[in-house]
Each structure stands twice: as structure tokens, then as C-alpha cells.
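Use the sequences and the hints to build the structure in full.
There are 2 protein chains.
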Amino acid sequence: MTKQAFSFENKNKNEEIFSPLEVFKEYIRRKGLRYTPERETIVREIFSLKGHFDVDELYLRLRNKGEKLSKASIYRTIPLLIDCGLLQEVYHEDGHMHYEPASSYPHGHIRCLECRKVEEFEDDRIKEIQQDIVKKYGYRITSVRFEMLGYCQECLKKVHL
Amino acid sequence: MTKQAFSFENKNKNEEIFSPLEVFKEYIRRKGLRYTPERETIVREIFSLKGHFDVDELYLRLRNKGEKLSKASIYRTIPLLIDCGLLQEVYHEDGHMHYEPASSYPHGHIRCLECRKVEEFEDDRIKEIQQDIVKKYGYRITSVRFEMLGYCQECLKKVHL
DNA sequence: TTACCTATTGTTAAAGTAAATCAAAAAGAG
DNA sequence: CTCTTTTTGATTTACTTTAACAATAGGTAA
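Just so you know, the protein sequences line up as chains A and B, in that order. Using the working numbering, the letters of the first sequence map in sequence onto residues 1 to 161. Using the working numbering, the letters of the second sequence map in sequence onto residues 1 to 161.
Do not rely on the hints blindly, as some may be mistaken.
Put simply, identical chains are the same to the list, so a pair is met inside one copy or across any two.
Said to hold, decoys possible - Using 27 Å as the maximum straight-line C-alpha spacing, the simulated DSS-like pairs for lysine-lysine come out as follows:
1) 117 with 127
2) 68 with 25
3) 31 with 157
4) 25 with 65
5) 71 with 127
6) 136 with 158
7) 71 with 31
8) 50 with 71
9) 117 with 50
10) 50 with 31
11) 127 with 157
12) 31 with 158
13) 117 with 25
14) 68 with 136
15) 71 with 117
16) 157 with 117
17) 117 with 31
18) 157 with 136
19) 68 with 50
Think of the hints as simulated: they come from the structure by calculation, not from any bench.
So, in C-alpha cells, the structure goes:
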């Protein structure tokens, strides 16, 4: 069986859970690609920061740690991580994409259009909807995104929106 | 009361439903902006095509109809339409955003990563989740997006994914 | 170990989206 | 009709992301 971390399927079964790096290594091997220090550095950083990030942020973070790798390597690694289910796009803002490590629990995001904060919420119905779609349409779903835009309580108080 | 078309709130009440163009006019007036033929043309086109579109598509469509307006006007009109709740971003693909007219019924999108088709599905739970968030966090939600990525039945048969 | 093949890297250039600028045109109020 | 201010189209600009390519370095197999 193929290694999977954070997969929707192996949460309730007694399957082994592998670390992101293990999953990535396995993916690289399976695809006949090469495991390079640059790729390892990128994956380690993404899974150590845990939250949302964008390419520039990640690049600067690594730069500040003294890592010498190019932005191009980041751009090239991201599709690999998405492909093996470790990473997800979360939203496109300010002209570029924002990502987050894929997680095992179904959750959505609420973005305030005024202060631009992003809150997460958990809801089992997200998973239920996904499962129904699989049943009804026969899709194999690799990632789910639930996003709401609006104005948060604080901003609603501050200004008339 | 402010005019709203396709709003989540006025569906089950006996409020008048206004056409997108009426909503837009009212919005323009309220904001002290100017109602120009270019804006009207853009709004009419968006709500006549009904489906998803991107800026280039819309521009070419209008061009083919003999309309003489610039792409810049489209880029400038889109945020207005989003702001007044008539338009939503649906997904970012091929380096640019795709939009759709906001609709009154809660629905999600499934995108096949292989053949790139986009299917829509309706599910009342999307609205339920939204309402719960409003209750729990006090947000005013302006748009909701439920997106799933994966591989459709046909593509799963064709290739091993 | 060593040699070889091929993927990957950094650098640089290219493609393309979206936004900014600005003079000319036009909407809307009086 | 006049005046003020917004909007338009054209062009430039800023950026993000991808492509190209020579140099480098995994990984396999002798």
C-alpha cells in the first residue's frame, strides 16, 4: 500500500500514520524522482511552520535560516507536494497563492475582507458532503476547500460595512 | 432597504427580487459612482452567459459582439460586482481567476484535475454550515465557496491515477 | 568506487495577469 | 449648458509563475 499522511481515509482505521517527510520520500521513490537536500529542506520547513504560507514568505524564512536555495526550487517542489496529498492551496490573495499543509480533519476558512485575518473552523459536514460526492459522482477527491468571505465581528463594529 | 439579488437572506421571505442590473444600478447610485455604458455592457454580458468565465473570455466575447471596451474596464468592474454581491471568484487556474454570477442556491464545484471539467452540485449543508458560522463567530458572510479537486469517473477509467 | 545517465539546480529570460498612470472623454448635478 | 469629478482606453509597470539551459549532483549498476 502507498504511504499516506493526513489522508481522509486512514483516520478511522488502524493503519500506520507516516510523517510528511516519509510520505514525500516514498512519493519521490515511486515516481522515480530524486531526493535532493533542497526538496528536503523545503518540506521540513513547510511542516515545521504548520500554518498558512506563500512562496515569498517561505523563501525568506529559509533565507534567514541561512539556507541557500532558489525560489525556483520552491515553485518546483510545491506541485509535487500537492500531487502526493501533503499540501493544499487555500486561497489566492494579493496576486499570489497561499498554501497550507493538508490536514486529516475537515476544516474550512473564513477570511475577513476588512482586516484580512483568516480563521479556521472544523465541521464534520464538510467530510460528509465529500463522501456523498464520491458516492454520487464517482470522483476520487484529492482535496477539499471550504472558504467563506465576509466581515468579522470586530470589523463590523468598527466601520459600517 | 438595500436592493439585493440572489442574496442568501431574501430567499425564504416575501421580499422583492431584483434583477442583477437593478442591484448594480442601486449599488452604483448608493456609492456615488457613475453608471456608464461600459459597465452596463459588462454586467449584461456576465448575466447573459450565466456560467463561469475569466476576464479574457469575457473580453473576447464582447469584442466579437462588436462592443468596443477595454480589458481595463472589465478589471475595474469586477471588484464592484463582487462588492455588491453579484459576482464570486470560483477558482484560480492557469494563472488567472475564474468567476461566476453569485447564485441564491448554495452549491459547490468539483474540478477534475485530468480533463479539467468543472461540475456543480447542490447541497443544503453548505448553507447550514454558513449559518452556524454566522451564529458562532458573528461574521457577516458575503460569499461561500466549496471546492473539491480530484479525478472524475471517466478519467479514472482511462488512466491509472 | 567509479562511470554513466538523467533529473535537478540556479540563473536568466519570458509569458502573462492585474494594477497604476494619465490625458481625453463623459456622467451627472446644478 | 456648465462645471466638477469620475471613468475610459492606452500604455506602462509590478509581480507571479513558468520556461530554457548549462552546470551540478542523485542514483544505479558494473
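Against the structure, the hints:
Within a single copy, residue 117 and residue 127 get their C-alpha atoms as close as 24 Å, and across copies as close as 22 Å, so both meet the 27 Å cut-off. Only within a single protomer do residue 68 and residue 25 lie at most 27 Å apart by alpha-carbon distance; the minimum there is 21 Å, versus 54 Å between protomers. Taking CA atoms no more than 27 Å apart as the test, residue 31 paired with residue 157 passes between copies only; the shortest distance there is 20 Å, against 53 Å inside one copy. For the homomeric pair residue 25 and residue 65, the shortest alpha-carbon distance inside one copy (23 Å) is at most 27 Å, but the shortest distance between copies (53 Å) is not.
In this assembly of identical chains, the alpha carbons of residue 71 and residue 127 never lie at most 27 Å apart, being 34 Å within a copy and 40 Å across copies at closest. Proximity of residue 136 and residue 158 under a CA criterion of 27 Å is satisfied inter-copy only: 19 Å between copies versus 45 Å inside one chain copy. In this assembly of identical chains, residue 71 and residue 31 lie within 27 Å of each other by CA distance solely inside one copy; the values are 23 Å within and 42 Å between copies. Taking the closest pair of Cα atoms, residue 50 and residue 71 come within 27 Å of each other only inside a single copy of the chain (20 Å); across copies the shortest separation is 39 Å, beyond that limit.
Within a single copy, residue 117 and residue 50 get their C-alpha atoms as close as 17 Å, which meets the 27 Å cut-off; across copies the closest is 31 Å, which misses it. In this homomeric assembly, residue 50 and residue 31 come within 27 Å of each other (Cα to Cα) only inside a single copy, at 26 Å, whereas the closest approach across copies is 41 Å. With identical chains, the CA atoms of residue 127 and residue 157 are at most 27 Å apart between copies only, with a shortest distance of 24 Å across copies and 33 Å within one. Taking CA atoms no more than 27 Å apart as the test, residue 31 paired with residue 158 passes between copies only; the shortest distance there is 19 Å, against 53 Å inside one copy.
In the homo-oligomer, the alpha carbons of residue 117 and residue 25 never lie at most 27 Å apart, since the shortest distance is 34 Å inside one protomer and 31 Å across protomers. Taking identical chains as interchangeable, the C-alpha atoms of residue 68 and residue 136 are never at most 27 Å apart, the minima being 48 Å within one chain and 45 Å between chains. For a Cα distance limit of 27 Å, the shortest separation of residue 71 from residue 117 inside one copy, 26 Å, qualifies, whereas the shortest one across copies, 31 Å, does not. Taking CA atoms no more than 27 Å apart as the test, residue 157 paired with residue 117 passes inside one copy only; the shortest distance there is 16 Å, against 42 Å between copies.
For a Cα distance limit of 27 Å, the shortest separation of residue 117 from residue 31 across copies, 26 Å, qualifies, whereas the shortest one inside one copy, 38 Å, does not. When the C-alpha separation of residue 157 and residue 136 is checked against a cutoff of 27 Å, the pair qualifies only between copies, where the shortest distance is 16 Å, while the shortest distance within a copy is 43 Å. Taking CA atoms no more than 27 Å apart as the test, residue 68 paired with residue 50 passes inside one copy only; the shortest distance there is 21 Å, against 49 Å between copies.
Checked against the numbered hints above, the structure breaks hints 5, 13, 14 and satisfies the rest.
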